[in-house]
Amino acid sequence: MSVDQYQAVIGLEVHVHLASRSKIFSSSSTAFGEEPNSCTDPVCLGLPGALPVLNRAVVDAAVRLGLAVGSHIRPRCRFARKHYFYPDLPKGFQISQYEEPLCEGGAVEFRVAGESRRVRLTRIHLEDDAGKNIHDASGVSFVDFNRAGVPLVEIVSEPDLRSAEEAAEYMRALRTLVRTLGISDGNMEEGSLRCDANVSLRLHGAEKLGTKAELKNINSFKHVREAIEHEIRRQAAVLDRGEAVVQETRLWDPDRGLSQSMRSKEHAHDYRYFPEPDLPPLAVDQDWIERAQRSLPELPESRYRRYMGALGLSAQDAGVLTSEREIADYFDAASKVCAAPAKKVANWILNEVLARVGDVRALAAADLPVPPAALAELVELVEKGTLSGRLAKDVFGRMWQEQRRAGEIVASESVAVVSDVGLIEETCKQVVAAHPDEVARFRGGQSKLLGFFVGKVMKEMGGKADPKTANEILQRLLG
Amino acid sequence: MPRIQPDEVRTIAALARLRLSEAEIERMTHELDAILEYIDTVKNLDTGDTEPMTHAVPFDCPLREDEPKPSLSVDDALRNAPRRRDAFFEVPRIVPGTGEGA
Amino acid sequence: MASPKVAGASIAELADGVRARKWKARELVESYLDRIRRLDGRLGCYLLVDADGARRRAAEVDATVAAGRDPGLLAGVPIGLKDIFVTRGLETTAGSKILRGFVPPYESTVSARLAAAGAIALGKLNMDEFAMGSSNENSAFKPVRNPWDLERVPGGSSGGSAAAVAASLCAGSLGTDTGGSIRQPASLCGVAGMKPTYGRVSRYGVIAFASSLDHPGPFGRTVEDVATLLEVIAGHDAYDATSIPSPVGRYRQACAAGLGGMRVGVPQEYFQSGMDPEVEAAVRGAIDAIARAGAKLVPVSLPHTQYAVATYYLVCTAEASSNLARYDGVRYGHRTVEASSLEELYSKTRGEGFGAEPKRRIVLGTYVLRSGYYEAYYGKALRVRRKIADDFRAVFDKCDVLATPTSPTAAFKLGERNADPLQMYLADIYTVAPALAGVPALSQCCGFTKNNLPIGLQLIGPPLGEEAVFRVAGAYQRGTDWHKRLPEDPS
Numbered sequence: 007m008s009v010d011q012y013q014a015v016i017g018l019e020v021h022v023h024l025a026s027r028s029k030i031f032s033s034s035s036t037a038f039g040e041e042p043n044s045c046t047d048p049v050c051l052g053l054p055g056a057l058p059v060l061n062r063a064v065v066d067a068a069v070r071l072g073l074a075v076g077s078h079i080r081p082r083c084r085f086a087r088k089h090y091f092y093p094d095l096p097k098g099f100q101i102s103q104y105e106e107p108l109c110e111g112g113a114v115e116f117r118v119a120g121e122s123r124r125v126r127l128t129r130i131h132l133e134d135d136a137g138k139n140i141h142d143a144s145g146v147s148f149v150d151f152n153r154a155g156v157p158l159v160e161i162v163s164e165p166d167l168r169s170a171e172e173a174a175e176y177m178r179a180l181r182t183l184v185r186t187l188g189i190s191d192g193n194m195e196e197g198s199l200r201c202d203a204n205v206s207l208r209l210h211g212a213e214k215l216g217t218k219a220e221l222k223n224i225n226s227f228k229h230v231r232e233a234i235e236h237e238i239r240r241q242a243a244v245l246d247r248g249e250a251v252v253q254e255t256r257l258w259d260p261d262r263g264l265s266q267s268m269r270s271k272e273h274a275h276d277y278r279y280f281p282e283p284d285l286p287p288l289a290v291d292q293d294w295i296e297r298a299q300r301s302l303p304e305l306p307e308s309r310y311r312r313y314m315g316a317l318g319l320s321a322q323d324a325g326v327l328t329s330e331r332e333i334a335d336y337f338d339a340a341s342k343v344c345a346a347p348a349k350k351v352a353n354w355i356l357n358e359v360l361a362r363v364g365d366v367r368a369l370a371a372a373d374l375p376v377p378p379a380a381l382a383e384l385v386e387l388v389e390k391g392t393l394s395g396r397l398a399k400d401v402f403g404r405m406w407q408e409q410r411r412a413g414e415i416v417a418s419e420s421v422a423v424v425s426d427v428g429l430i431e432e433t434c435k436q437v438v439a440a441h442p443d444e445v446a447r448f449r450g451g452q453s454k455l456l457g458f459f460v461g462k463v464m465k466e467m468g469g470k471a472d473p474k475t476a477n478e479i480l481q482r483l484l485g
Numbered sequence: 130m131p132r133i134q135p136d137e138v139r140t141i142a143a144l145a146r147l148r149l150s151e152a153e154i155e156r157m158t159h160e161l162d163a164i165l166e167y168i169d170t171v172k173n174l175d176t177g178d179t180e181p182m183t184h185a186v187p188f189d190c191p192l193r194e195d196e197p198k199p200s201l202s203v204d205d206a207l208r209n210a211p212r213r214r215d216a217f218f219e220v221p222r223i224v225p226g227t228g229e230g231a
Numbered sequence: 003m004a005s006p007k008v009a010g011a012s013i014a015e016l017a018d019g020v021r022a023r024k025w026k027a028r029e030l031v032e033s034y035l036d037r038i039r040r041l042d043g044r045l046g047c048y049l050l051v052d053a054d055g056a057r058r059r060a061a062e063v064d065a066t067v068a069a070g071r072d073p074g075l076l077a078g079v080p081i082g083l084k085d086i087f088v089t090r091g092l093e094t095t096a097g098s099k100i101l102r103g104f105v106p107p108y109e110s111t112v113s114a115r116l117a118a119a120g121a122i123a124l125g126k127l128n129m130d131e132f133a134m135g136s137s138n139e140n141s142a143f144k145p146v147r148n149p150w151d152l153e154r155v156p157g158g159s160s161g162g163s164a165a166a167v168a169a170s171l172c173a174g175s176l177g178t179d180t181g182g183s184i185r186q187p188a189s190l191c192g193v194a195g196m197k198p199t200y201g202r203v204s205r206y207g208v209i210a211f212a213s214s215l216d217h218p219g220p221f222g223r224t225v226e227d228v229a230t231l232l233e234v235i236a237g238h239d240a241y242d243a244t245s246i247p248s249p250v251g252r253y254r255q256a257c258a259a260g261l262g263g264m265r266v267g268v269p270q271e272y273f274q275s276g277m278d279p280e281v282e283a284a285v286r287g288a289i290d291a292i293a294r295a296g297a298k299l300v301p302v303s304l305p306h307t308q309y310a311v312a313t314y315y316l317v318c319t320a321e322a323s324s325n326l327a328r329y330d331g332v333r334y335g336h337r338t339v340e341a342s343s344l345e346e347l348y349s350k351t352r353g354e355g356f357g358a359e360p361k362r363r364i365v366l367g368t369y370v371l372r373s374g375y376y377e378a379y380y381g382k383a384l385r386v387r388r389k390i391a392d393d394f395r396a397v398f399d400k401c402d403v404l405a406t407p408t409s410p411t412a413a414f415k416l417g418e419r420n421a422d423p424l425q426m427y428l429a430d431i432y433t434v435a436p437a438l439a440g441v442p443a444l445s446q447c448c449g450f451t452k453n454n455l456p457i458g459l460q461l462i463g464p465p466l467g468e469e470a471v472f473r474v475a476g477a478y479q480r481g482t483d484w485h486k487r488l489p490e491d492p493s
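Protein chains in written order, with the numbering used here: chain V, 7 to 485; chain S, 130 to 231; chain W, 3 to 493.
So that you can see chain V by itself, here it is in the shape it has in the complex:
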């Protein structure tokens, strides 16, 4: 395919909605889904005479993000006005950061198909979000300013990504990171995580970057892949025709699976940046940075390495466990108090817990039916041999339904495995006696038939026999 002769060079500009309670420059609530225009104030409506005042918690969230990705936090940074006209932009400018952003440099580590990747960041800066336009079938549109003034960080990556798949994984990693830090719910569908992609192509081995096109309106991880893949193919076709790629902004249309050039005049991109006169420079001192650093939780990639290393989990399992903060927290809490190996705890979570819990956030809820300590108890019972794997699954089901502890269920209903050797021996003898043909075939070399006998014993004993014991006895009886 012609596409392969080109190397795709991709950089993402990601906007993350910071989950503060009030807006970045004014005190209206940031609550989502409220009645239109019910969360506004003079500042975020851009009324004459209104002035911005910066929210401390917003800065703190951005500082923690910067530290988590190893950025340099500027001791002093500045806000700037970025001008353009649009109905959802109440002041006619956005308050953003231009020449002196809060964070510079840093990198995001993540995995693509098990392989480690590292994408460098150019910068992270703060800005205010615009309101929302709603388009009507008639000749009008409607504007809701609830979202105007909600805090954003913009994370700008270097053009280090090389495929659509990588870009999607990078986005997933950012999502996990901001959720782990507790600074955002990183929800692409709700708009708290958005990205624009800059895509260009060059021949393999070339040093110079090709002309890039910017892609907008990417609203899900799936779109990230599709839009970028489409763009790569589109640019390859242009280059193959001997034409030049035009530097432009293109809007992704997910329904039609293609992008369209946004007709923009020459002056459209002159934002006329200048330092925001209503906000003096922002100082972030060493004390603040140290406190923020100490407050950082264990980060996803570091957890991943710990799970694979010290705990010996597989890459796949470690990946799933670290994909959401709530899952990893649950796993850490359970394995900490569990005498059984962490691997076992992991299996139970991956196979049983995750199958039953709907939203992973429920794992942190107070009314979770099987909290970490309860799971730990169950896994220990299996490890000790009190419960067989099969029995334990049933018990787990009941634990989840009835919100009871394993120990209690086992004690009250004698669910436990029968380890009475005498009883098992009796049953084995009976089963052996009842199947002479199979005995003969077993003795004749079909050693696999052992399973048949074990199964029969288990059936006879209603699944409660300790399989290990049954196995040993049968082997002895069968010779």
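Worth flagging that the hints you see were computed from the coordinates, not collected in a lab.
Among these hints, one or two may not hold up.
[Said to hold, decoys possible] Below, computed lysine-lysine pairings styled on DSBU-like, alpha-carbon distance capped at 30 Å: (1) V:K349 - V:K214; (2) V:K222 - S:K172; (3) V:K435 - V:K342; (4) V:K88 - W:K389; (5) W:K144 - V:K138; (6) V:K465 - V:K399; (7) V:K88 - W:K99; (8) W:K350 - V:K138; (9) V:K435 - V:K349; (10) V:K390 - V:K470; (11) V:K474 - V:K462; (12) S:K172 - W:K389; (13) V:K474 - V:K349; (14) V:K474 - V:K342; (15) S:K198 - V:K88; (16) V:K399 - V:K435; (17) S:K172 - V:K138; (18) W:K350 - V:K88; (19) V:K138 - V:K218; (20) W:K144 - W:K415; (21) W:K144 - W:K389.
The model shown is predicted, which means the values in this text are computed figures rather than measured ones.
Mind docking chains S and W on chain V? Use the hints.
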């Protein structure tokens, strides 16, 4: 050689979303030319590495606590809306993708 | 109960009278409303008179006094507010058609502080559109006439605020000063007016022209009145991130404190050859009087003064082009009747709603901020600005206060200057540098021309040096009675 031409005034007026009549453009070009000539005198001053003075206050940005306060009522927010539909501000149809929005 | 004579009354006198139950707030309000009714048709000071609101407030003040509670420092004092201060429930236009009919849902910090101190707002005062102008001829609604000569301008942009105090249509008023818009009209109208240190008075609720240069401030007949109003409105505001946290000074006290060997600097750049001889004579006379009263005169230099006007018009137009971007017909104000696209909505609305001067400044400001031009123009201007500020910093090592003329001329005739914007801009020559540097500056009357037009003396202090300024101003005023002269009521 005039410092500014009518076409440039037209471009800037468009950038600033100001509809000017031809007479306004002509007059403004003439006025701005004189003003720009005067303003150009700042170029004569050698400012070396003097730091730009963006603010007239010597302190850093104050910070406020993250406490939500009551918002304007919807009626107050929309009271001055030139055109309103229910709880929304109404504008002529925005064709998605033609805006400059970030 | 004696009816107060309000023509020429001072704020202290009026408030004392209310507190002492010599007269009622209601009576004061009626006296001023009566003067407004009779005289403002000729002067044009008020864009909006809120008689009902004023009477309601007066009744509240009177009830407070009757109940034996403290009605506040400004008890019952009728004041006017430049129509740049957002007033809840009361139309606020900034002198522009683009805000005609705009009724704010919130109140500016300074007008709220005045009301909390017992003052009574009589209405909103006329001004140059968006504070852009030096003659009040740029008001979209009507000009203001100078009470000393109705054919002449009162100055601007706070023309209505200055003229109303001069003509006793209010006891005191608030204006804003970005490049001289309090001091210059004060000078032309023979009243006192002060531009405080930048950040001393909150800008929350002040419709923005140039954010780093806008200074709300008071007008009064006497420097004590100005000091009193300043004490009430000054001080930190959590809603303004450029608001200075330090405690408010004792400005009234400073007015009475005397000169005690203060050093008054006379900057040579403000006394160049070619000055209007009457202005020069009056200002030099005032400086000599100050020396006789005990100050030591020091010749000084502010070497970058020649760049101040150019720098000012680079910085203020850039910021203005940005601050005026919000006027787009979507959320408030004028909206063009027919627009088939967004582009049309914006361009026609703004083209129709803004007057010539805002348009000029928006175009100039947009020009200097364009990429490719920024460093040469705006970036450069910010560096020159620092040099200008450094001039002041250096000079205040050598002296406590500077004395200069406020305006190069006395009031000029309506229509005389507005054909040539550059000529109008050059009138700001003595006032722009202190605004760029953010240092406090006051203008007070120091004489009259042979045509009976007032001349103003400007006193400039170091940052947060309002007290030094008031000391000199108070001492000078005590030795003269310019402030007692009243213009004739217009017939």
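Against the structure, the hints come out as follows:
1. V:K349 - V:K214: violated, 48 Å
2. V:K222 - S:K172: Status violated; Cα separation ~41 Å.
3. V:K435 - V:K342: Violated, at about 43 Å.
4. V:K88 - W:K389: Roughly 27 Å between the alpha carbons, so the hint for K88 of chain V and K389 of chain W holds.
5. W:K144 - V:K138: violated, 39 Å
6. V:K465 - V:K399: holds, 17 Å
7. V:K88 - W:K99: holds, 27 Å
8. W:K350 - V:K138: Distance ~24 Å between K350 of chain W and K138 of chain V Cα, so the pair holds.
9. V:K435 - V:K349: violated, 36 Å
10. V:K390 - V:K470: Roughly 15 Å between the alpha carbons, so the hint for K390 of chain V and K470 of chain V holds.
11. V:K474 - V:K462: Judged against 30 Å, a Cα distance of about 14 Å means the pair holds.
12. S:K172 - W:K389: Satisfied, since the Cα-Cα distance of roughly 14 Å is no more than 30 Å.
13. V:K474 - V:K349: Holds, because 21 Å separates the two Cα atoms, which is no more than 30 Å.
14. V:K474 - V:K342: Holds: K474 of chain V and K342 of chain V sit about 28 Å apart, inside 30 Å.
15. S:K198 - V:K88: holds, 27 Å
16. V:K399 - V:K435: Distance of about 28 Å is within 30 Å: holds.
17. S:K172 - V:K138: The hint is violated at about 43 Å.
18. W:K350 - V:K88: holds, 23 Å
19. V:K138 - V:K218: Distance ~28 Å between K138 of chain V and K218 of chain V Cα, so the pair holds.
20. W:K144 - W:K415: The hint holds at about 15 Å.
21. W:K144 - W:K389: Cα-Cα ~39 Å, so violated.
The structure fails hints 1, 2, 3, 5, 9, 17 and 21 (numbered hints given earlier, in ascending order).
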